[in-house]
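Which chain is which? The protein sequence lines are D and Z, in order.
First residue of the first sequence? That's 1 in the numbering used here, and the numbers climb one at a time after it.
First residue of the second sequence? That's 1 in the numbering used here, and the numbers climb one at a time after it.
Derived SDA-like pairs (lysine to any residue); straight-line CA-CA distance at most 20 Å:
1. Lys164/D / Asn48/Z
2. Lys178/D / Leu493/Z
3. Lys178/D / Arg30/Z
4. Lys164/D / Ala55/Z
5. Lys164/D / Ser412/Z
6. Lys178/D / Ala433/Z
7. Lys178/D / Ile444/Z
8. Lys178/D / Ala495/Z
9. Lys164/D / Ala54/Z
10. Lys273/Z / Gly62/Z
11. Lys164/D / Ala45/Z
12. Lys164/D / Thr44/Z
13. Lys177/Z / Val187/Z
14. Lys178/D / Val440/Z
15. Lys178/D / Pro494/Z
16. Lys178/D / Leu497/Z
17. Lys178/D / Arg441/Z
18. Lys393/Z / Leu340/Z
19. Lys393/Z / Thr337/Z
20. Lys164/D / Leu36/Z
21. Lys178/D / Ala27/Z
22. Lys178/D / Pro22/Z
23. Lys164/D / Gln40/Z
24. Lys178/D / Thr501/Z
25. Lys178/D / Asn397/Z
26. Lys178/D / Leu448/Z
27. Lys178/D / Arg28/Z
No lab work stands behind these hints: they were computed from the structure.
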Amino acid sequence: MNVALFITCLTDNFYPRAGIAAVKVLERLGCTVSFPQAQTCCGQPMYNNGFHPEARALARRMIRIFAGAPYVVTPSASCAAMLRESYPHLLLGDPSAAALAARTYEFAEFLARVLKPDLRALGASWPGQVTYHPSCHHRALGPDDHAQALMRQIDGLTLIPLDKAEQCCGFGGLFAVKYPDISGAMARDKAACILATGAPTAVCNDAGCTMNIAGACRRIGSSGGDQGRNAPLPRFTTLAEIIAESLGLLPSGTGFQPVSSSSPSSLPQGATAGGSAPAVLPPFASTSSSPPPLPSTRPPQS
Amino acid sequence: MAPPTPEPAAPSPEHPLDPPLPYTIAARARRAAADLQLQQFVNTATRNKDRARAAAFMAAFGPRLDEVRSLAARIRQHTLDHLDAYLEQFVENATKTGAVVHFARDAAQANAIALAIARDAGAKLCIKAKSMVTEEIRLLPALEAAGVTTVETDLGEFILQLDGDAPSHIVTPMIHKDRTAVARAFVRELGAPYTEDPAHLTLIARAHLRSLYRKADLGITGGNFLIASTGSLVVCTNEGNADFCMSGPRTHIAIVGIEKLIPAPEHLGVLLKVLARSSTAQPLTVYTTIITGPRSTGFQPVPSSSLPSSQPPPHTPDQDQDGPAHLHIILLDNGRTKLLADGADGGAREILRCIRCGACLNACPVYRKVGGGHAYGAVYSGPIGAILTPSLKGLRNYPDLPHASSLCGGCSEACPVRIDIPRHLVRLRREMAASGLTGVRRRIAMRLWAAILQRPAFYRLAAAAQRSLLRAAAEPGVPPAGPCTDHRWLTDLPAPLDGWTAARDFPTPPSSSFRDWWRTRRFEEERP
Numbered sequence: 001m002n003v004a005l006f007i008t009c010l011t012d013n014f015y016p017r018a019g020i021a022a023v024k025v026l027e028r029l030g031c032t033v034s035f036p037q038a039q040t041c042c043g044q045p046m047y048n049n050g051f052h053p054e055a056r057a058l059a060r061r062m063i064r065i066f067a068g069a070p071y072v073v074t075p076s077a078s079c080a081a082m083l084r085e086s087y088p089h090l091l092l093g094d095p096s097a098a099a100l101a102a103r104t105y106e107f108a109e110f111l112a113r114v115l116k117p118d119l120r121a122l123g124a125s126w127p128g129q130v131t132y133h134p135s136c137h138h139r140a141l142g143p144d145d146h147a148q149a150l151m152r153q154i155d156g157l158t159l160i161p162l163d164k165a166e167q168c169c170g171f172g173g174l175f176a177v178k179y180p181d182i183s184g185a186m187a188r189d190k191a192a193c194i195l196a197t198g199a200p201t202a203v204c205n206d207a208g209c210t211m212n213i214a215g216a217c218r219r220i221g222s223s224g225g226d227q228g229r230n231a232p233l234p235r236f237t238t239l240a241e242i243i244a245e246s247l248g249l250l251p252s253g254t255g256f257q258p259v260s261s262s263s264p265s266s267l268p269q270g271a272t273a274g275g276s277a278p279a280v281l282p283p284f285a286s287t288s289s290s291p292p293p294l295p296s297t298r299p300p301q302s
Numbered sequence: 001m002a003p004p005t006p007e008p009a010a011p012s013p014e015h016p017l018d019p020p021l022p023y024t025i026a027a028r029a030r031r032a033a034a035d036l037q038l039q040q041f042v043n044t045a046t047r048n049k050d051r052a053r054a055a056a057f058m059a060a061f062g063p064r065l066d067e068v069r070s071l072a073a074r075i076r077q078h079t080l081d082h083l084d085a086y087l088e089q090f091v092e093n094a095t096k097t098g099a100v101v102h103f104a105r106d107a108a109q110a111n112a113i114a115l116a117i118a119r120d121a122g123a124k125l126c127i128k129a130k131s132m133v134t135e136e137i138r139l140l141p142a143l144e145a146a147g148v149t150t151v152e153t154d155l156g157e158f159i160l161q162l163d164g165d166a167p168s169h170i171v172t173p174m175i176h177k178d179r180t181a182v183a184r185a186f187v188r189e190l191g192a193p194y195t196e197d198p199a200h201l202t203l204i205a206r207a208h209l210r211s212l213y214r215k216a217d218l219g220i221t222g223g224n225f226l227i228a229s230t231g232s233l234v235v236c237t238n239e240g241n242a243d244f245c246m247s248g249p250r251t252h253i254a255i256v257g258i259e260k261l262i263p264a265p266e267h268l269g270v271l272l273k274v275l276a277r278s279s280t281a282q283p284l285t286v287y288t289t290i291i292t293g294p295r296s297t298g299f300q301p302v303p304s305s306s307l308p309s310s311q312p313p314p315h316t317p318d319q320d321q322d323g324p325a326h327l328h329i330i331l332l333d334n335g336r337t338k339l340l341a342d343g344a345d346g347g348a349r350e351i352l353r354c355i356r357c358g359a360c361l362n363a364c365p366v367y368r369k370v371g372g373g374h375a376y377g378a379v380y381s382g383p384i385g386a387i388l389t390p391s392l393k394g395l396r397n398y399p400d401l402p403h404a405s406s407l408c409g410g411c412s413e414a415c416p417v418r419i420d421i422p423r424h425l426v427r428l429r430r431e432m433a434a435s436g437l438t439g440v441r442r443r444i445a446m447r448l449w450a451a452i453l454q455r456p457a458f459y460r461l462a463a464a465a466q467r468s469l470l471r472a473a474a475e476p477g478v479p480p481a482g483p484c485t486d487h488r489w490l491t492d493l494p495a496p497l498d499g500w501t502a503a504r505d506f507p508t509p510p511s512s513s514f515r516d517w518w519r520t521r522r523f524e525e526e527r528p
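So here's chain Z without its partners, still in its complex pose:
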């Protein structure tokens, strides 16, 4: 007996960002196309952000904005080209400050390290800042399973956690929700009175989170940058929640992808300028925190007998008023070294330049029309996700992502570190075609088409045949038109072209081609 089909209204049992593989985009794209309210949220939010970004760049850098982007791109690319050296430097310097640096090969190892630290700390309550890397390794369910209650403290992520939902944008994770959804979640989960006022909603969340900050014994953050020359961790937020996570609990774990390194503090200046403008059109995020090492224990008394009296006491760092007693930095690979290995011009290494600003998502018309990030079936969505996800998790598992793009180039125009995303999409399509992952029908069609285009006589024959067939099948066109504009229209093309007429009408060629005109014209002009 066939199992009963689930109710269509029932929530999908699969995690939106961790679907069964191979993942195909069609079902979620269709659902989003039918959900006009969702499209409206995402459209409005992304277009406003995209415009604000462009204006902020223009206001700050004027006609030199491309030079700034190039500089940021060079800094990132240089670091990646010498990542082995900078990683060593970072580990050495971070260790000197008292931080403990761990390397994690993959998600499982990163989670195991984090859980071991939590266990050693005897952690019961963890407060966590927003971090895409922790989504990537699915850290939160691992902590919960180990008995560590974990609370998302970024307002958007906090709401998503209450709703059992997943982020749909790298920077603004609940772009797919509106305030009524938040109001309902607060009533249901926090017992708060119903209000749709954003200020009130924020105050409710704030009161709830503050009560937890004081009790937490473990803080977890990601990191926007790691500075090799100082061993520092840089975390940017607008809510200050990450600062609570880094300063209250005795133990702090920062989980950061190995690609987030930069050489020195002076490079941070450039990248912070483009990061905040690209993300939220701000000159700088409200909280931009650089932490170097755990809480300093301050002055260590040295026995006076061991010192010559003429010398001043040895320099010791000031005692910190806050900060974790134990700082752990987990550097995550999880497939990144595979991308790093492809260092050719236009190779996959360039993708690692990404600083997760989200500008390409806001600029992308496909992202808008699929209702945001969930349609990508992975943690990293939008244009950068379309190239990063198949590169990290396999083209075989995400065969649609490189193809579900019109290659319009809005993303690469917005990218502050000049990742040529359309070219990477085409590169991935090439890898799919070369390794036989592209469908048989498409392979045959492309090769046949290319063979026809190699021979002008075949091309003319095929064009004439196409003209006759299409015109014969179409409704007659508008009468008052010449042979070069008398298009007819088709409203229902057969497979495999039915996708066109599913969404729009198809114009047939007019009676005559340009070639016809050229031939006749020359003939007339050569006549005496």
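So that you can see chain D by itself, here it is in the shape it has in the complex:
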């Protein structure tokens, strides 16, 4: 199955490990992943701010770049929603916009609706506690929460419910910069709920939300909020990384992060899967520390 990865500009630059994990998981599940190099950004910032001629030009560009791909998969729910919901409005009556929308999937959704893997049968194991923030753009992608369903298939993983899970974290692109009083209050509320779970790992599948919530958690931690000064902060990660780690495609993450480099992490490394795996991601250029290739479990092609 040929899949084109739409990495999105934020994931490309801020959370590359989410993209790496998505590629590894898709390949492990039998997909051939391509990465069209000309891709940049879907134009969501321009669209949301009302600059529609500019957004339209970027949308046409994306449609051209992904024209040959049978599936377009992206690790970001908000960018998936942009392609799926907003392109057809932006390019009303353009069949190629509707066609791209029909082929576009958010990563978790692609797994749940197209590949339908049985993670348990593949031996997915990730001992540890996570809490999960469902980003708002999942609303646009449909009522089913595929990410939670997939995480429940992973042996050892405990999902800790998040209070006010449905409430927006306050990111909203330029909204976060232009209205810091409103956006900041929303971010603090979300961060407090995440910290209150006590989970060492927080899963969020939208790079913008992660930047916002992690930044708010860190500000609370360093300003002596309810959690106290220099309290350990959860490690923020994505479903793709959790699945990749659970299948041994990426080394396990480190759990709680210290607020500053001088304060050591006070938490046990209970969240790491497999004692022998290195605790941190090795440099990608070093082949020696990459996990060994896994035997192919490519499903029979239909």
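Position chain Z relative to chain D; hints supplied.
Relative to the frame of chain D, chain Z by itself:
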């Protein structure tokens, strides 16, 4: 000499819902962000209501709840698409029942009509039910200025009137106040003994209001719906106060926006079901009153000589025991026809579907964090206000409202008539960008950014430059991390990004991008 600056504690002289224009949200948002008690009231109340709404819909309609919302949306949209015909039908049928229907172009005309009716009736004391439209046209001060003492009878509005305050929610107007504020107002204004017990407070208000109901000679209400095929007015309350306003005084004025029409009684069934559940999670409001025409004078004796003896006497309606002798219905435009004119798919007409249930306010995290409706600087607040206010009163006058939203979509998920509020916010942002109302800095930044994104080489260059600059400016990150996770943190970004770090830290990109990884990886895999 500069005028003395007012004391910070002094109450703002401007009316909270009618501030000087153009209105900017920043000052009130900052005040609300600092008022943790206010945030607590609004947070708790709205979240509880939002959850109760969702549960009530699920309990009643189960997996078919979206079908019910779609049906309600279709009924509303159909009525708006044919509003000219339904208005004519309504006027004809309401007139037949004996009601007098007036059209008001704007607030001034609506107030003038209402004042003329009050004058003709010789009204001295008016009892008034809760109505957002009367807030919209500022009717109460106009009546008071004309010498008609006017009393708000909805408990929340009554308390706000005692306090000289304004509603902050479409349905629960005093969501920003707690019981101690009510207790203090009752002591001060009514001479009541101090109590914080809600039951006692309600009894004090009830005793006071009942004494006024009997004396009033004018009743004013809004209307939740107007039924075109019968000429009826539908008013929903939970306190029954509107029924006193409609049945006691000799004269009743109902002021209703032209968009509140529905075709026929069978459509009322659908809309009442979603209205009460969306507002207060009730299956039906406690009082749902349909009134058709003024009090009937009953049997009119017909001279027997003029009738053939074999025929029964002609049908006459029964004599009503109560109800106004004179019923006036003022249909208000006040900018609505401008919205109606934009009938395109996703156009402004859809906004008029709104049945003022308040569900979007309860679902909105921005509404929660700005401390409720006053921050919107207009009668209609929350997500619906953010699209309705600029549409009615001009984008130039409310430039923040379309932008002060994260577009999270909680509102459109809650809306019982499926108004896609985020899409309307984006449409208004587009209108602002297209007409040059968006700031110059933002315009330049957006165009430059879009130009960079058009060219992959520029994009890579800009990304690399951003990475170097941000990482150089930041504190060193946590040591044990790889090149794809070694974020550093910035705590004080310069303008125009200082808004980010005013509220939270900013993560820099890690040393490597996904693109870097992909390139290296392919290179390795192609090696023998």
